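Trainee: Chain residues, written in single-letter form:
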Amino acid sequence: MRRRFTLPALTVAATAAALTVGVAPASAHGYISNPPSRQANCASGAVANCGDIVYEPQSVEAAKGSKQCNGGGSRFAVLNDNSRNWPAASVGQNVTFNWVLTARHSTSTWEYFIGNTLLASFNDGGAQPGATKSHAVNMKGLSGRQTVLARWNVADTAMAFYACVDLNIGGGGTTPPTTPPPTTPPPTTQPPTTPPTTQPPASGTWRAGTAYQPGNVVTYNGRSYTCRQAHTALAGWEPPNVPALWAAN
Amino acid sequence: MITAALAVLLLVSGCGSQPEAGTPSPAFNDTDVMFLQMALAQIAEGDQVAALAEQRATDPRLRTLVTELRTQWRDESATMRRRLLDWGQPAEPDPSAGAHAGHGDVHSLRPADIAELGAAQGRTFDRTAVTMLLGHLGNCGETARMESAGGADPEIRALGSNVAGRRQAQVQTLLKMAAEP
Numbered sequence: 001m002r003r004r005f006t007l008p009a010l011t012v013a014a015t016a017a018a019l020t021v022g023v024a025p026a027s028a029h030g031y032i033s034n035p036p037s038r039q040a041n042c043a044s045g046a047v048a049n050c051g052d053i054v055y056e057p058q059s060v061e062a063a064k065g066s067k068q069c070n071g072g073g074s075r076f077a078v079l080n081d082n083s084r085n086w087p088a089a090s091v092g093q094n095v096t097f098n099w100v101l102t103a104r105h106s107t108s109t110w111e112y113f114i115g116n117t118l119l120a121s122f123n124d125g126g127a128q129p130g131a132t133k134s135h136a137v138n139m140k141g142l143s144g145r146q147t148v149l150a151r152w153n154v155a156d157t158a159m160a161f162y163a164c165v166d167l168n169i170g171g172g173g174t175t176p177p178t179t180p181p182p183t184t185p186p187p188t189t190q191p192p193t194t195p196p197t198t199q200p201p202a203s204g205t206w207r208a209g210t211a212y213q214p215g216n217v218v219t220y221n222g223r224s225y226t227c228r229q230a231h232t233a234l235a236g237w238e239p240p241n242v243p244a245l246w247a248a249n
Numbered sequence: 001m002i003t004a005a006l007a008v009l010l011l012v013s014g015c016g017s018q019p020e021a022g023t024p025s026p027a028f029n030d031t032d033v034m035f036l037q038m039a040l041a042q043i044a045e046g047d048q049v050a051a052l053a054e055q056r057a058t059d060p061r062l063r064t065l066v067t068e069l070r071t072q073w074r075d076e077s078a079t080m081r082r083r084l085l086d087w088g089q090p091a092e093p094d095p096s097a098g099a100h101a102g103h104g105d106v107h108s109l110r111p112a113d114i115a116e117l118g119a120a121q122g123r124t125f126d127r128t129a130v131t132m133l134l135g136h137l138g139n140c141g142e143t144a145r146m147e148s149a150g151g152a153d154p155e156i157r158a159l160g161s162n163v164a165g166r167r168q169a170q171v172q173t174l175l176k177m178a179a180e181p
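In order, the protein sequence lines correspond to chains A and B.
Residues in the first sequence are numbered from 1 upward in steps of one, following the numbering used here.
Residues in the second sequence are numbered from 1 upward in steps of one, following the numbering used here.
Derived by calculation from the structure, the hints in this document are not laboratory data.
Everything numeric in this text was worked out from a predicted model, so none of it was measured.
Yeah, the Cβ is synthetic: ideal placement off N, Cα and C, and Gly gets one too.
Treat the hints loosely; a few may be bogus.
Stated by the list, open to error - Label-pair restraints from in silico Cβ distances: (1) R74/B with T147/A: 41 to 47 Å; (2) N49/A with A169/B: 17 to 23 Å; (3) D86/B with N168/A: 51 to 57 Å; (4) A127/A with E155/B: 40 to 46 Å; (5) G204/A with G118/B: 50 to 56 Å; (6) G144/A with A78/B: 31 to 37 Å; (7) N216/A with G118/B: 21 to 27 Å.
What the hints assert, rightly or not - Over 12 Å on every C-beta distance to chain B, these chain A residues come out as not near it, computed from the model: (8) Y55; (9) S108; (10) T132; (11) N138; (12) N249.
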C-alpha cells in the first residue's frame, strides 16, 4: 500500500515523460481530410511507404512562416517529396477545405497559398475552433495541377500546423465536383451498396449564380438553410454539401 | 530528460513488482493506469457520436463501421474497468494530480459538439460524424500508442497495441470516405 501514496507525484512525472518522448495526445492537432491532404493520403493508404505520418497525420507542427509541406520541421520530410505520386483531387475554382481537429488550439489565422500567392486568410481572432472546421477558398483563376499549402496558425504559441493538398483545378468557376481522382484506389472491403454520390435534382429557392449574404435563408430539397458566409453560389455548392457556407435550420 | 524519464518509469514498475503481504502484486506503472483511465473517458465521449451515427448515418459503410466500433469499445472497456478494479485504481483520473490541466479540454468532445451533430441532416450529418470520429479516433490511437510504448503490464500493453491497430484501421476507412467529393 506504500505505492498508492507515491502515485500522484509519479503520475505527473510519467505524464511529463510521455510528453517528452512525443507519444502523448498533447502532440496531436489537425489536418485537412477533404480534399485529402498529403498526410491524409498517407494515413488512408492511398500513398504507400510514408513512414510515421500514417499514425499521426494531425501532427505536422512546425514554427510559423514556412512554405514547406512539412513546415520545415525535423519530421515527415516525405510530405515535401514532389516525386511521390500524390493523388490530385479534381475540383472547380471554388474549393471547400475540411479539417479534422484533434486539439482545439486558440487560433489566429488559417492561410491558404499556391506558391507565393495567398488565396485566402481567415482570422479567428484567438478563438477556439469547434469540433469541425471548413473554409471556402477561391483558386483565383489558377488551373491544372497545383499544390495548395494550408497553414493553421496557433494564437498562443509560435507554432503552426501545415497541410499540403494536391488539386487538379478546372477553370471558369463553373466546374461541378467531379469523379474521384483515378489515382485513389476504391475501398476494397465495402459492400456494393454504396450510396450514389451524384447530386439529387435541385428543388427549392437556392440557385447557383446568386450572391448570398450571412443570414439569408434558402430551401433546398425540402430543407431550410441559413447562409453563414457571403458568397456567390456555384454548382457543387448546394447547401447540404457546404456546411462552411450554409447551416441547416 | 528522456533518460531521467525512463528511470522514473523503471522505478514505478520496480515498485509495482514488489510483493506485498504475501499476495501476488502485478507489475504495472502509471502509464498503464493513465491509459486505462483516459481510454475509458475517450470511449464514453466517442460512443455518443457513434451511437448517433449508428442510428442516423445514411451511408451504410458508416453504420457498419460504428457498429463494429461500439462492439469493440464494449469489449475493451470491460477489460479496462476490470484491470483498474484489480489494481485498486479509480476509473477516472485524480483531478487533484493536475496531470491533465492545460490539455485535457482541447482534446475533448463537448455537449455542444454532440448537439451540432444531432442537428445535422443527411449528407451533412454523415460528413460531420466522419470528421468528428476521425479527430476522436486519432486521439484514441495516440493514447493507445502511448501505452504500447511505455506501459509495463504485458496484457495491457498488448491491449494498447490491439486498440492502436483497430483505431488505425477505422481511421483509414473513414479517411477514404472523407476524401470522396
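Trainee: Taking the hints in turn, state whether each one holds.
Mentor: Evaluation of the provided hints:
no., hint, in the structure
1, R74/B with T147/A: 41 to 47 Å, "holds (43 Å)"
2, N49/A with A169/B: 17 to 23 Å, "holds (18 Å)"
3, D86/B with N168/A: 51 to 57 Å, "holds (56 Å)"
4, A127/A with E155/B: 40 to 46 Å, "holds (43 Å)"
5, G204/A with G118/B: 50 to 56 Å, "violated (23 Å)"
6, G144/A with A78/B: 31 to 37 Å, "violated (54 Å)"
7, N216/A with G118/B: 21 to 27 Å, "holds (24 Å)"
8, Y55, "violated (7 Å)"
9, S108, "holds (16 Å)"
10, T132, "violated (5 Å)"
11, N138, "holds (18 Å)"
12, N249, "violated (9 Å)"
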